[in-house]
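This note's numbering puts the first residue of the sequence shown at 1, with every later residue one more than the last.
Hints in this document: simulated from the structure, not taken from any laboratory. Any given hint might turn out to be false.
Claimed, not checked - Quick list of in silico lysine to aspartate or glutamate cross-link-like pairs, EDC-like style, CA-CA up to 20 Å:
| id | residue 1 | residue 2 |
| --- | --- | --- |
| 1 | 414 | 327 |
| 2 | 146 | 61 |
| 3 | 303 | 327 |
| 4 | 125 | 61 |
| 5 | 125 | 74 |
| 6 | 146 | 86 |
| 7 | 386 | 327 |
| 8 | 159 | 322 |
Said to hold, decoys possible - Computed beta-carbon distance windows for the label pairs:
| id | residue 1 | residue 2 | range |
| --- | --- | --- | --- |
| 9 | 72 | 107 | 13 to 23 Å |
| 10 | 391 | 94 | 55 to 65 Å |
| 11 | 218 | 159 | 21 to 31 Å |
| 12 | 108 | 88 | 23 to 33 Å |
| 13 | 396 | 258 | 24 to 34 Å |
| 14 | 94 | 156 | 18 to 28 Å |
| 15 | 107 | 233 | 29 to 39 Å |
| 16 | 72 | 311 | 15 to 25 Å |
| 17 | 122 | 224 | 39 to 49 Å |
| 18 | 216 | 104 | 44 to 54 Å |
Quick caveat, the model's predicted, so the values are computed rather than measured. Think of the CB as a built atom: it goes at the ideal place given N, C-alpha and C, for glycine as much as any other residue.
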Amino acid sequence: MLAEIITIGDELLLGQTIDTNSAWMGAQLSAHGVRVHRITSISDEAEAIQAALDEALSRVDFVLMTGGLGPTRDDITKETLAAYFDTQLVMDEAILHRITEWFAGRGFEMLEVNRHQAMLPQACKVLVNPRGTAMGMWFEQDAGQKVVVSMPGVPYEMKGLMLEEVLPRVDQHWKLPTRYHRTLLTQGVGESFLSQLVWDWEEQLESHGVSIAYLPAPGQVRVRLSAVDFDPVVAKERVEAEVTAFLVLAGNHVVSEQDEGLGAAVVRLLTEKKLTMATAESCTGGAIAASITSVPGSSAIFKGSVVAYDNQIKQSMLGVSDEALQEHGAVSESVVRQMAAGARERLGVDYAVATSGVAGPGGGSIEKPVGTVWIALSGPRGVESKCLNFGNSRPRNIERSVREALAWIIRAAK
Numbered sequence: 001m002l003a004e005i006i007t008i009g010d011e012l013l014l015g016q017t018i019d020t021n022s023a024w025m026g027a028q029l030s031a032h033g034v035r036v037h038r039i040t041s042i043s044d045e046a047e048a049i050q051a052a053l054d055e056a057l058s059r060v061d062f063v064l065m066t067g068g069l070g071p072t073r074d075d076i077t078k079e080t081l082a083a084y085f086d087t088q089l090v091m092d093e094a095i096l097h098r099i100t101e102w103f104a105g106r107g108f109e110m111l112e113v114n115r116h117q118a119m120l121p122q123a124c125k126v127l128v129n130p131r132g133t134a135m136g137m138w139f140e141q142d143a144g145q146k147v148v149v150s151m152p153g154v155p156y157e158m159k160g161l162m163l164e165e166v167l168p169r170v171d172q173h174w175k176l177p178t179r180y181h182r183t184l185l186t187q188g189v190g191e192s193f194l195s196q197l198v199w200d201w202e203e204q205l206e207s208h209g210v211s212i213a214y215l216p217a218p219g220q221v222r223v224r225l226s227a228v229d230f231d232p233v234v235a236k237e238r239v240e241a242e243v244t245a246f247l248v249l250a251g252n253h254v255v256s257e258q259d260e261g262l263g264a265a266v267v268r269l270l271t272e273k274k275l276t277m278a279t280a281e282s283c284t285g286g287a288i289a290a291s292i293t294s295v296p297g298s299s300a301i302f303k304g305s306v307v308a309y310d311n312q313i314k315q316s317m318l319g320v321s322d323e324a325l326q327e328h329g330a331v332s333e334s335v336v337r338q339m340a341a342g343a344r345e346r347l348g349v350d351y352a353v354a355t356s357g358v359a360g361p362g363g364g365s366i367e368k369p370v371g372t373v374w375i376a377l378s379g380p381r382g383v384e385s386k387c388l389n390f391g392n393s394r395p396r397n398i399e400r401s402v403r404e405a406l407a408w409i410i411r412a413a414k
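Can you build the whole structure from these sequences, using the hints too?
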């Protein structure tokens, strides 16, 4: 079944707020057999909301809207929907009581504008917001063949409504087939190379009832395999069979068989194997450590980091020799290997990864152009190192260096 998402808010159109809701909603709906056909962002104007609804309902049977349900004067979605569905706003005493308790429980004064949030369209089914005071609304047209859902735009509140109210109602309202998918994360190869590697296998996927999607990012590609069936067991079996086939063909490039980031993959793998790690970072400035410590449970595997931007810190904290710095410079194989070895020894870990490079946009030379990055990994099998160049963009150089370092740890620890 097809659906459309309409996001409401001038802040979205002005670039003041990034729409993260739609991507999350699309993923959740996909798992329930609903495919998002189109996403539209519109202003806080009644005419824009009504026109967007007319267009969406002419194409699909299910429309989800976010935004415009707050207590302020510019939040007009509720009034606009009441007019659109030819109904009136009425005070919902049960919701008013709930909102009153919400404010009392937090010690906040409840204002008249907050009472107004309990005024809801008479024709809608109220979706109780478990995380706030703006209720969701479920409208039906044509004897339930068409459905419009309205939710607050605050991501935390929208997600609560989706998980606890909207998705269960979707399952009850439409008996849809189950969508099962697996996402594999590859690192170090591009989308074109990966597609060429599995070309013959990919050609027969459709006949097996499985679809594939490539989701590229700098230096990595997520490969998503999906199947749809009314029997969830059948859908899963189809996908898992193709995952096995893909790993045979491209397993060397796969760093995670789960839908997760590299930092989460490192934490999960090292936790499973009871291993520890540390970082010694120059050009990445602690970004590798940050990608690890942002993952819950990382304290079990991560012991610490030395951000050695200055050469004196490289020497005093990591044991890098003055000779290596004088002869080869900070951005060199010799120095980065000593950084990794020093971090592993001094922090007492199984693996230590080190980076030193010319992130840019300045500071390059003929011998070491901007984008030159040395990475070293010290582990049970000794110290290994490699030199990479990611171009002139400082943010991309740091991002790519972090990903390469994390992927290297995964491959070494497997």
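For residue 125 and residue 74, compute the direct alpha-carbon distance and say whether it is at most 20 Å. Judged against 20 Å, a Cα distance of about 23 Å means the pair is violated.
Take the C-beta atom of residue 216 and the C-beta atom of residue 104, compute their distance, and say whether it sits inside 44 to 54 Å. 50 Å, holds
Within 18 to 28 Å: is that where the Cβ-Cβ distance between residue 94 and residue 156 falls? 23 Å, holds
Can the restraint linking residue 386 and residue 327 be considered satisfied, given a maximum Cα separation of 20 Å? At roughly 19 Å apart (the allowed maximum being 20 Å), residue 327 and residue 386 satisfy the hint.
Agreement of residue 303 and residue 327 with the hint, judged by alpha carbon distance not exceeding 20 Å: With Cα atoms ~31 Å apart, residue 303 and residue 327 exceed 20 Å; violated.
Holds or violated: residue 414 with residue 327, Cα cutoff 20 Å? Measuring from Cα to Cα gives roughly 36 Å; hence the hint is violated.
Holds or violated: the 15 to 25 Å window for the beta-carbon distance between residue 72 and residue 311? 55 Å, violated
Decide if the proposed pair is consistent with the structure: residue 159 and residue 322, CA atoms, cutoff 20 Å inclusive. Violated: residue 159 and residue 322 sit about 55 Å apart, past 20 Å.
How does the Cβ-Cβ distance of residue 396 and residue 258 compare with 24 to 34 Å: does it lie in that range? 25 Å, holds
Quick one, are residue 146 and residue 61 close enough, alpha carbons at most 20 Å? Within the cut-off at roughly 4 Å; holds.
Lying within 13 to 23 Å: is that true of the beta-carbon distance residue 72 to residue 107? 22 Å, holds
If you check the beta carbons of residue 122 and residue 224, does the distance land in 39 to 49 Å? 42 Å, holds
Violated hints for the displayed structure, listed by number in ascending order: 1, 3, 5, 8, 15 and 16.
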